[in-house]
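Trainee: All chains, full assembly: derive it from the sequences and hints.
Below are the chains, spelled out letter by letter.
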Amino acid sequence: MLLIYCPYCEEERSELEFRGAGDAHIARPTNIADISDEEFEEFFFLRDNPKGLIFERWRHIHGCGRFFNAARDTVSDKFKLTYKAGLPKPDLDATTPAAPVETYEATESNAK
Amino acid sequence: MTGANRIPGAGRLTPARTARFTFDGKSYNALEGDTVASALLANGVHLVGRSFKYHRPRGVVSAGPEEPNALIGVERDAARQQPNVRATVQEVFDGMKTISQNRYPSLSFDVGSINNLLSPFFAAGFYYKTFMWPKQAWKHIYEPQIRAAAGLGVSPKEEDPDHYSSRYAHCDVLLIGGGIAGLSAALAAAKTGARVILCDEQPEVGGAMHYDKSVTVDGVDGFTWAQKTAADLAKMSNVTVLTRTTAFGYYAQNFVALVQRVTDHISKPDRRLPRERMWQVRAKRVIIATGAIERHMVFANNDRPGIMQAAAARTYLNHFGVAVGRKVGVYTANDSAYEAAFDLKRAGVTVAAIVDCREKPGEAVLAEARSLGIEVLTGHSVIDTSGKLRVAGMSVARNGSSAKRNIAIDALLTSAGWTPSVHMFSQSRGKVAYDAESGSFLPGVYAQDCLSIGACNGTTDLQATIEEALAAGELMAKASGFEATGKVELQATNAFQWTGGMSGAAEGAGEDTTVKAFIDFQNDVCAKDIRLAVREGMHSIEHIKRFTTNGMATDQGKLSNLHGLAIAAEALGRGIPEVGLTTFRAPYTPVTFGTLISHSRGELFDPTRKTPMHALEEAEGAVFEDVGQWKRAWYYPRAGEDMHQAVNRECRTVRETVGMFDASTLGKIEVVGPDAAAFLNLIYTNSWDTLKPGRTRYGIMLREDGFVYDDGVVGRLAEDRFHVTTTTGGAARVMNHMEDYLQTEFPHLNVWLTSATEQWAVIAVQGPKARDVIAPLVEGIDLSNEAFPHMSVREGKICGVPTRLFRMSFTGEMGFEVNVPADFGPAVWDAIRAEVEKAGGCAYGTEAMHILRAEKGYIIVGQDTDGTVTPDDASLSWAVGKKKPDFVGIRGLKRPDLVRSGRKQLVGLKTKDPNVVLEEGAQIVADPNQPKPMTMLGHVTSSYWSENCGRSIAMALVVDGRAKLGQTLYVPMPDRTIAVEVSEMVFIDKEGVRLNG
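The listed protein sequences correspond, in order, to chains E and F.
Taking numbering that gives the first Met the number 0, the leading residue of the first sequence gets 0, the next gets one more, and so forth.
Taking numbering that gives the first Met the number 0, the leading residue of the second sequence gets 0, the next gets one more, and so forth.
Since the hints were made in silico from the structure, they are not lab data.
Incorrect hints may appear among the rest.
Beta-carbon label-pair distances, calculated as ranges [what the hints assert, rightly or not]:
| hint | chain 1 | residue 1 | chain 2 | residue 2 | range |
| --- | --- | --- | --- | --- | --- |
| 1 | E | Glu11 | F | Gly24 | 51 to 57 Å |
| 2 | F | Asp625 | E | Glu38 | 41 to 47 Å |
| 3 | E | Thr29 | F | Tyr445 | 45 to 51 Å |
| 4 | E | Thr29 | F | Glu983 | 36 to 42 Å |
| 5 | F | Val626 | E | Lys88 | 38 to 44 Å |
| 6 | E | Thr29 | F | Val626 | 37 to 43 Å |
Just so it is clear, CB atoms sit at the ideal spot from N, CA and C, and this is done for glycine as well.
Mentor: As structure tokens, this is what we get:
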């Protein structure tokens, strides 16, 4: 169970109090009614599934109720940073190596 | 006498304290503190089980949690039966009943052992090939047979009467393992004042001191020192010492799950005590001191009862006072087994020979063996064993020679070396590294704030272990913010430094394909099976593991993993580190479901939500149905009525006179603020600017993709205040959906959202006499059609309490929904109930509500829609604001797939035979004679018997449904095909005159 720092409550709370809410920094176009099918596809359907750093939204639903953003490593599950909704995407060094984890893929790549 | 093999003066148990237990119906004496394994061995019982696949006789292999063979059933009473208990861990209590498993009709004569002779047909992976044909045979022959043969123990049939508890704990330093290393580290950490939790899986701390009698710490016998240290630690206010407590899972951010066995060792436990307690510990720092597990030697027929780990034999002798044999052999690749021979020899047991596959054992142990007069055969191997239900002899040959010598024995102790227990480290996502010198995997790169010490870290020297532990304890306490207040110092001695060790098949395991040299006892995996897997093309250790099932039994390969890996590496012609170890996963040892679910069972499994009027409805005889977590009155049967009759009566009564209904479960959200209308404009498809205070409107909410998400009536109480209702099931997610948009997409809007679902009790009063019913109770609201038309809301009083009174209808009749503060709900219900009675009406439940709304074609989101239905599909285009510049879903609605022709549309269905009621979910086709697969046009979403229509009615999603009005379609069922006519969705009062009363 993860510990998550709520940037509004300003403390670490148990994962039980939170709920994930998908990718962060995907702004709903202000002229959404007029965008093309391709733009809507990009906005609504297409998501990256990165191995490593991801920016995502969480809601402190059983706490203050606020939505906020987080930068998390999808390999180690470690939170690098959480910050308030509306703040710009922080410039994290994305080259930080992921924590070493034994994965099926890693084992497979050895098995030549 | 507590067993013929109990050695007087040996062991640490108290001879006077005895307990009786049974094994397969036969009664035995034991001592308090015995495990089932030690007690059986004391009584000369080595045969305790049958293996999984070949049903070979099996005995006790270990003296700890790694036990693969000695799995038994433990029984207290009919409901308290635990299968697959490791006899080496389960403590004996007086009156306990134990049984062997996986044998028929008896342990010593088991018909299943025919599998042993048929074993050429059961090679590794046989089930992937053997059961492929004929196709039908899988379902009717193979699967039932395999299911019957699968598993070892039998699970109890009755509900578990015990209770389990769970608790959270926080500490600065968690120590996993209470051996010399763990205790030393705990001492150092505790001295700083840090909050320390130390857990150990055994009944008492001491770890390796259970078997190693030669150790002294600060001049005291090692085991005694451990007990005293644990007692001293337990007295400190900042330390918790937990024995019989296994750390079984290591999760993110130093979250470690422990299971404490509270009563499994007690003869007559206090039933107020939980059987087991789960500890969920969040530790700032973790120290892993889990020691090492001795590997067995891999050679032909190494699985006979009486063949066990050398250290296990030492534990049985030095801790339990039990000699595992009278004439024992030792087969080793490692010095540690010599000490087992020394201890047994000194206790008066004959040691037939020490067979050492190495040419050069450690000089110290060799010298000691000579001085004790024990024959040592270096450079020799045990190439086979004999004996039926217990080992009776071993065949020994010089390495490379075929000349063999048979030696009679009644027990054989083996040791291939020690495997550091990196399970917890690996579970913490740390990466292990292969250490060629010791031939073992050791903690490499750490992923969490933890540290491994002692044998699990590859530290074998005793004094070095202590130094490492003391430093780790201090370091981890400091890292948690504490200061050292002086060094702890400890001096320890032991008899011998151990050398040696090997992994993989020893001489005599055989290169051929028939020799059974077991590496995984529990799953009957032999060295040859690993080689077969490699020949079959498995090159990844993960594939080899799954093909052979090596390490996949309940012991998770604690003995077998390294052997399997070494054999695979040899067969693949690669080094062990290149082949790599499979990942260790939780749980370390099996955990009961009871522990995992704790109190979350029965009524505490999930919260039950009841409306304020629940008790009154119950008193009236309502039958309830579950709607999510809610209990809702389903129907109110009267004497002699079945459900059908009651529902018919309720439906008729509402249309003829009046009915009342508990609608409190509807989701309610108060939307307040200067931008409230602007916000609702964005959330709903409808326009809200034009709604005047005092009026209400039916609103549709979409997701961004254009599909219907929820619906409900919204009342405007003031310019800046709306009373929003949602579906019962949608309340929480709609609130979340609104909050999400308000906080993140429309934060410029000045709006406040408050969930009010449980703050309002809601009583719907519906029917021609609805106004007459509430009129005498309402104050301050003109109820006339002119002053209070359909789709209006007023604030006033009812029965003297404040109300938000809605003029609305989900039945098609004139109707009111009385909202009162929840606490007043029962009193107002009672008052309205009395008026309804006077008017000849009744209370109705959710079933009648569903039918009444279907008669009017009102949809239920989630029943008539499924997340792929647009407003137009549901004939609700009128509710979508055409001139609005924006609302959630506005772009989604324009997607090509949503505007194309040929979409499924919601329509009514009438069966040609009015008495036939369709099944909800049934598929609809145009041509019932079309060969399969038929072209499916859609499905039935709602279907009921309508007493008011005198026929069945249904709603359905049908391709181009509105263009098919009047056409005949078909609903094929297993036993017949039902002809239906496509109709409009409104079955009663198409003009809607009844709404106005």
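Trainee: None of the hints should be skipped; say for each whether it holds.
Mentor: Status of each hint after checking the structure:
| no. | hint | result |
| --- | --- | --- |
| 1 | Glu11(E) <-> Gly24(F): 51 to 57 Å | holds (56 Å) |
| 2 | Asp625(F) <-> Glu38(E): 41 to 47 Å | holds (44 Å) |
| 3 | Thr29(E) <-> Tyr445(F): 45 to 51 Å | holds (47 Å) |
| 4 | Thr29(E) <-> Glu983(F): 36 to 42 Å | holds (41 Å) |
| 5 | Val626(F) <-> Lys88(E): 38 to 44 Å | holds (42 Å) |
| 6 | Thr29(E) <-> Val626(F): 37 to 43 Å | holds (39 Å) |
When the structure is compared with the earlier hints, no violation turns up for any of them.
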